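Given the coordinates of chain P, work out where chain Y should sit on it, guided by the hints.
Residues per chain, in single letters:
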Amino acid sequence: MNERPVGALRRLLTAAREPVDAAGLAAFRVLFGLLCTVSAVRFVARGWVESIYLQPEFHFRYAGFSWIPEPSEAGLYALFGAMALAGLGIASGVLYRLSAAVWLGAFVWVELLEEATYLNHYYLMTLLGVLVLALPLHRGPRLPAWMGWLLRGQIAIVYVFAGLAKLTPDWLAGEPLHTWLRPMGDIPVLGPLLVLPGTAVAMAWAGTLYDLSIPLLLSARRTRALGFAAVVAFHVATWLLFPIGVFPWLMIAASTLFFAPSWPRRLLGARWDRVAWRGAAPGPRPPLGPALAAGWLLLQVVLPLRHLGLPGDVAWTGRGFRFSWRVMLVEKTGLVEFRLVDRASGATRRVSPRADLTPQQYKMLCTEQELIAEYARHLAAEERAAGRDVAVYADALISLNGRPRARAVDPSVDLSVPAHALPDHWIPAPYSEP
Amino acid sequence: MRLAALVALAALAAGCPTASEGPDVALPVLEGLGEGVIVPRYEVFETEMAEAAAAIAAFCDAPEQGTLDAARDALGEAHVAWKRSDVIPFGPARDLPWTIRARLDLWPVRADNVQELLDSGEPVTPEALNTTLNAAKGLPAIAWLLWSEDDSLAAFTDPDDGARRCEVTAALADDAAARGAEMVVAWQPDGDGWLSEFVAPPGPLAEFENSYEVVAELVNRMIFTVENARLLKMARPAGLEDGSVPEPDQLEARWGGGSLAAIKSNLDGVADVFHGRWSEADVPGIITLVGDDRRDQLASDFDATFFAGMAALDAIPAPLAVAIVDHPDSVDAAVSALFDLQAVLQADLAQALGVTVRFNDTDGD
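Protein sequences, first through last, are from chains P and Y.
Residue numbers for the first sequence follow the working numbering, beginning at 1 and rising by one.
Residue numbers for the second sequence follow the working numbering, beginning at 1001 and rising by one.
This is chain P alone, in the form it adopts within the complex:
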């Protein structure tokens, strides 16, 4: 084996294990924990527990997770209460591991209850929750360097893949930004600017450049201030313009991971040391730590690329769209109805799903082929429970990023069969795929 790479790897491992100031990691822990609490309280305060989880009689479930039990009303509120308290535990470092475990368990449980509410920032919070649980961020004053690298790497992956995903003809031509900005014309002063033809294109290119460059800008000491200013400006602007919840604040908080490790101490002096940690850092970690971190990051690189191995344009089919940092890339609208054909009598009936779903569920159903198939199986199961054996067909028309609607699901395919036996029911994108 060539000695040069081996030597480099050794040096890298040595540097990875080198203890460094953990003040910055503790600051991130505090910010993340507070955001966990705010997010849980905000969810309850806005009545979303009721409207998203309690009111619907049907929930879309992630493939393989239909077994997840549905908590009672009291149970759901208890989960959100636990998340809010656990967030405080994470932030303060009190009962840190227990808090991190409780928050992660409750958050993932709730997320798995309804696929139609998938958001990239919930996914990011889940990933960060895993890392917060795995890393002793409540300990100090020094921790191995690889722990900071791991968290920084996770955030850098989000930015880079979000940027790469924007390198599509649609995005670079200003869609769907143009569609989203058009109704904002009457916002005082800025409105007329937002609806100018070139604004969406300029914002799209700027957004792409931003995503691709931010990890570098934040990593280099000379450009860090510029990078942080860009982070704050970008995320405050997106918070103002689009309903994306706590995501902007999460990303601003995460950008502090790229600061010099001791930045909180520089800001707050010795006071920080008195409040930041709940115990001394553990001794030398097992050698597997850096390897596990590398494996985690490798997985995070592979997951967003999985759509390359799946047929069709990911924006149209939705296959490989989730868990890939494809943020704000598509505007889809559509209409779907189902036809149920009794296999015994041949009798046909129509089912319009709108009445049985929440507006959010209905919107997602109308635009995602996977959810259409899942709902078809739900209809077939309902019929089976009533003693009827039916085939289920879908009429589904979807419009993507301003294109005229097109049929998205083969109307001749019986969608009632189990997912693993379902023949390909996607109709290819009605445009030249990139």
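Hint data in this document are derived by calculation from the structure and do not stem from the laboratory.
Any given hint could be a false lead.
[Unchecked claim] Pairs of lysine to aspartate or glutamate residues, derived as EDC-like cross-links and limited to a Cα-Cα distance of at most 20 Å, are as follows: (1) 1264/Y x 1314/Y; (2) 332/P x 1340/Y; (3) 332/P x 1293/Y; (4) 363/P x 1217/Y.
[As the list claims (entries may be wrong)] Every beta carbon over 12 Å from chain P, so not counted as near; a handful from chain Y, in silico: (5) 1026; (6) 1043; (7) 1147; (8) 1193; (9) 1241; (10) 1308; (11) 1311; (12) 1315; (13) 1325; (14) 1332.
Predicted model only: the values in this text are computed from it and were never measured.
Yeah, the Cβ is synthetic: ideal placement off N, Cα and C, and Gly gets one too.
Coordinates of chain Y only, in the frame set by chain P:
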């Protein structure tokens, strides 16, 4: 808070003079639709309903087949005129103190309630009708009175009950005509002025915060009007939704055979809003708000699916009450044809205008 912050940000950027004077392109469209389509359509109904009330009074004065037919024709025309405004179910149609739609058009008719009113012998003065159940008055009740008996003329000339039937029918027609006039007054600037809510948001009632909300309301109503025409007015009564037997009594305009005409009028109303169509004086419709790159294609798609839907409706042998029993395939074909029209509105138009599709009012049914 978000808007306040955005305004603050905007204030910081106020040094840019070109950005502060931008016209709201939706306002002329809303003004055109309000003044040039919605109010004139209501005025047509006001006129038609007044004529129907006069024809019913004339029938009661001289009850014979000729005057009965004239009364029925006049009511049918008024009904078609009214149904053209189904796409505008908000404002005075829905809100207090008017709630005109509920008082005028609660369908399917609750025959028991109308019969109770007949049998009660209670006065049917305008004041008394104000407190009468909505289910016992309005256009469906009048149609039931004019059509439901095998021998309607005999029912109106019956020595025992005929006079009461005439009295109630004429009073309900006058009440409906009063609602038509009330609707026009409610919208007119020199009346209750609801027009200003629509064309210059936010109006005094703050019904809409801005022009975008009005446009979003219109687009949603266009979608729901087509959806209701397909599902509520055809598929459900035909038993196509639950596989049950057809139920003609669940049809809109079951009595008088105006079900198909009402649906077509609904669709005409949708086209009015889409194209800004109103007799000789066209006004800019919703389609003019769509960007140049998509407008022609969308207008073409709308027209193609609209006329295909109308053709499918024409292919249903009238009346619909018979067709849902004897020709369900033709009804199913029309429901399918109008699916394409709904898709143009729900997928293409909604996206082109950045409108979120909300709940249909009938979803809770």
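How the hints compare with the structure:
1. For the hint linking residue 1264/Y to residue 1314/Y, the alpha-carbon distance of about 9 Å falls within 20 Å, and the restraint holds.
2. Restraint check for residue 332/P and residue 1340/Y: satisfied, since their Cα atoms lie roughly 17 Å apart, inside the 20 Å limit.
3. Between residue 332/P and residue 1293/Y, the direct Cα distance comes to roughly 18 Å. Compliance with the 20 Å bound is thereby established for this hinted pair.
4. Proximity of residue 363/P to residue 1217/Y is assessed by CA-CA distance (about 17 Å); at most 20 Å being required, the pair is judged to hold.
5. Not every CB of chain P is more than 12 Å from the CB of residue 1026/Y (nearest about 8 Å), against its label as outside the interface.
6. Residue-level check passed: residue 1043/Y sits 30 Å from the nearest beta carbon of chain P, beyond 12 Å.
7. A cut-off of 12 Å between C-beta atoms confirms that residue 1147/Y is not in contact with chain P; the least separation is 29 Å.
8. Non-interface call for residue 1193/Y relative to chain P: holds, since the shortest CB-CB distance, roughly 22 Å, exceeds 12 Å.
9. Separation of residue 1241/Y from chain P is inadequate, the least Cβ-Cβ distance of about 6 Å not exceeding the 12 Å criterion.
10. Under the 12 Å C-beta cut-off, the non-interface status given to residue 1308/Y relative to chain P holds; the minimum distance is some 14 Å.
11. Every CB of chain P is more than 12 Å from the CB of residue 1311/Y (nearest about 19 Å), matching its label as outside the interface.
12. Against chain P, the non-interface label of residue 1315/Y holds: every CB pair exceeds 12 Å, the least being about 18 Å.
13. Look at residue 1325/Y: its CB is around 15 Å from the nearest CB on chain P, clear of 12 Å, so calling it non-interface holds up.
14. Residue placement check: residue 1332/Y does not keep its beta carbon more than 12 Å from all beta carbons of chain P (closest about 8 Å).
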